[in-house]
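**Q** Sequence:
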Amino acid sequence: MNLGWARKQEIPLQFAHEFSHVLADGTDNVQYTRTPTDPEEAAATRGAIDILVECYVPNDTPQSMFNVADFVNEFMIPMGYEENVWRAAKRLLPAE
1 MNLGWARKQE IPLQFAHEFS HVLADGTDNV QYTRTPTDPE EAAATRGAID
51 ILVECYVPND TPQSMFNVAD FVNEFMIPMG YEENVWRAAK RLLPAE
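Under this note's numbering, think of the first position of the sequence shown as 1, with each following residue one higher.
Derived by calculation from the structure, the hints in this document are not laboratory data. This one's a predicted model, so the numbers in the text were calculated from it and none came from an experiment. Note that beta-carbon positions come from the ideal geometry of N, C-alpha and C, so glycine has one too. A hint or two may mislead.
Pair ranges (Cβ atoms, derived) [stated by the list, open to error]:
hint, residue 1, residue 2, range
1, VAL22, TYR56, 15 to 23 Å
2, TRP86, LYS8, 22 to 30 Å
3, SER64, LEU3, 29 to 37 Å
4, GLU96, TRP5, 36 to 44 Å
5, GLU83, GLU40, 14 to 22 Å
Given these sequences and hints, build the entire structure.
**A** Structural data, given as structure tokens:
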């Protein structure tokens, strides 16, 4: 983790992504060799999204009040993961 990273908004996602590898008992020992489309990396990003939703969205926020676009912009979630953000919100937040 580089806490001096120029885009500070990306740090929570980066940290959660790496933590997701730990939680999944990832086998990736080589840094910077995997691509974002690698299944293990994609799973770590999905896990990171779950972590961020759990940590940053009040758990009494109804799904109808959750704004995917705002969340994606706030944490600079990579394009293509918007559906994963919505699925995490549906799974982790109350219906109403």
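**Q** Could you tell me which of the hints above the structure violates, numbers in ascending order?
**A** Structure breaks no hint.
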